[in-house]
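Novice: One line per chain: the protein sequences are W and P, in this order.
Start counting the first sequence at 1; every next residue gets the next number (the numbering used here).
Start counting the second sequence at 1; every next residue gets the next number (the numbering used here).
Just to be clear, a hint being listed does not mean it is correct.
Put simply, identical chains are the same to the list, so a pair is met inside one copy or across any two.
Said to hold, decoys possible - Derived lysine-lysine pairs resembling BS3-like cross-links, with alpha carbons at most 27 Å apart:
{"id": "1", "residue 1": "Lys5", "residue 2": "Lys130"}
{"id": "2", "residue 1": "Lys233", "residue 2": "Lys116"}
{"id": "3", "residue 1": "Lys116", "residue 2": "Lys5"}
{"id": "4", "residue 1": "Lys25", "residue 2": "Lys233"}
{"id": "5", "residue 1": "Lys156", "residue 2": "Lys139"}
{"id": "6", "residue 1": "Lys130", "residue 2": "Lys221"}
{"id": "7", "residue 1": "Lys69", "residue 2": "Lys5"}
{"id": "8", "residue 1": "Lys69", "residue 2": "Lys221"}
Bear in mind the hints are in silico, worked out from the structure with no lab data behind them.
Since we're looking at a predicted model, the values are computed, not measured.
Protein chains: 2
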Amino acid sequence: MRNIKLLIEYDGTNYVGWQRQENGKSIQGEIESVLQRILQERVNVIGAGRTDAGVHARGQVANFRTETKRSSQEMLGAFNALLPEDIVIHEIEQVPLEFHARYSARERRYSYLLTKTPTALQRQHSWYVKYELEIDLMKRAAEAITGTHDFESFCKANSDVEHYRCTVTSASWNEEGTLLQLTISADRFLHGMVRALVGTMVDVGRGYISFDEFLRIFEKKNRTEAGMAAPAKGLVLEAVMY
Amino acid sequence: MRNIKLLIEYDGTNYVGWQRQENGKSIQGEIESVLQRILQERVNVIGAGRTDAGVHARGQVANFRTETKRSSQEMLGAFNALLPEDIVIHEIEQVPLEFHARYSARERRYSYLLTKTPTALQRQHSWYVKYELEIDLMKRAAEAITGTHDFESFCKANSDVEHYRCTVTSASWNEEGTLLQLTISADRFLHGMVRALVGTMVDVGRGYISFDEFLRIFEKKNRTEAGMAAPAKGLVLEAVMY
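Next up, chain W with everything else stripped away, as it sits in the complex:
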């Protein structure tokens, strides 16, 4: 038995999300079906992050166990040859049997891209915000979420988790021309957390809520207190660290 680690990039536009589901094509389902065709055995692919419908990844990590004797290089070529062009495996390596893409992860990094003007070329990978934004306030908000906090107010209801504490190791907004990108790293992310944070930070930036109100949302521990979720298409799972 071997344990194989995959580094995966995908465009989530045409998928119901990472996880296999009844209602449409999933990233996990596409990858499993290609692996099964090539390896001729049942394969269960475990992803580090279960990205939602429309969310992208530049650095998703997954693992699966297999009896195959094929080399990593051989598998890489064969898998990519059969995968649709919006899913690309960049690296394949054998890892110790106890490696688990999800549970072994120490830190994950996401990015979220806003545009200040409508864009044709990046329309599937960014969120166009029509409001004037006070970037300095959004930068302050990003600073404020750094550290260990209870993010229940930024977590989808009915999430099956034991607690809502996450340690955000870094969070910052960078401006470049008409683009505005959040990069955020944490030991764990709750369901819908980045999109809820981005939606709420935009509320701060456009002056819909004050910076102090933003801080108070954390104490409410209730998702309805935070802003609307930012659209899925601006979100990218950039990297998973072990």
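Using the hints, position chain P against chain W.
Specialist: Okay, now just chain P, sitting in the frame of chain W:
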């Protein structure tokens, strides 16, 4: 009668090109049909560059004549509201009646994006080249085409032009991680010129032809002497200068 100038961005993936054609949706056709619906008059939109099927634009310029009394701001909002999301008008301004998007243009700038690894997220906006490339040779080739030359060997056959002389004001390859981008400016571009140049420069970079052979292609004045055209999807009309 007013003359209106448009600054347009589009994703060419789903179009037969800029120019109105019988065989499918064109950028020009989509824009004209929206303008006609809103202005309630016949509109002829003239583009600065007739980009081919699959080619994109961040800075296409076009103009049209109209009897409308609507303000530029009003038109901008109305046009974008009806245009498909892969075509965005960024600016509208009134210009002198003699302004002609194509004939008044002094210089055009294109970019071409290569990737050294397959990419899911940029698959529709780049060309993945699987060969090892010697970048320094490609940079020398870009330098060599700068200046005034006869580009007949890099022009699609049966192009209806009086001569093949173009003055390339700048051409350079820039490397950033796994991406490699050509930026090229010239007073005019022949049909298929950038894609033929990129395809041939890649032949130089991968060692399929030598740098000297590259230079000799110019003297042959025959399209079949140059390399294959690089795919449309990596090409972007960046800007038109007047």
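Novice: Taking the hints in turn, state whether each one holds.
Specialist: Hint check results:
no.: 1; hint: Lys5 <-> Lys130; verdict: between (41 Å within a copy, 23 Å between copies)
no.: 2; hint: Lys233 <-> Lys116; verdict: both (15 Å within a copy, 25 Å between copies)
no.: 3; hint: Lys116 <-> Lys5; verdict: between (38 Å within a copy, 22 Å between copies)
no.: 4; hint: Lys25 <-> Lys233; verdict: both (17 Å within a copy, 25 Å between copies)
no.: 5; hint: Lys156 <-> Lys139; verdict: within (24 Å within a copy, 51 Å between copies)
no.: 6; hint: Lys130 <-> Lys221; verdict: neither (29 Å within a copy, 51 Å between copies)
no.: 7; hint: Lys69 <-> Lys5; verdict: within (15 Å within a copy, 63 Å between copies)
no.: 8; hint: Lys69 <-> Lys221; verdict: neither (50 Å within a copy, 54 Å between copies)
Hint compliance for this structure: hints 6, 8 are broken, all remaining hints hold.
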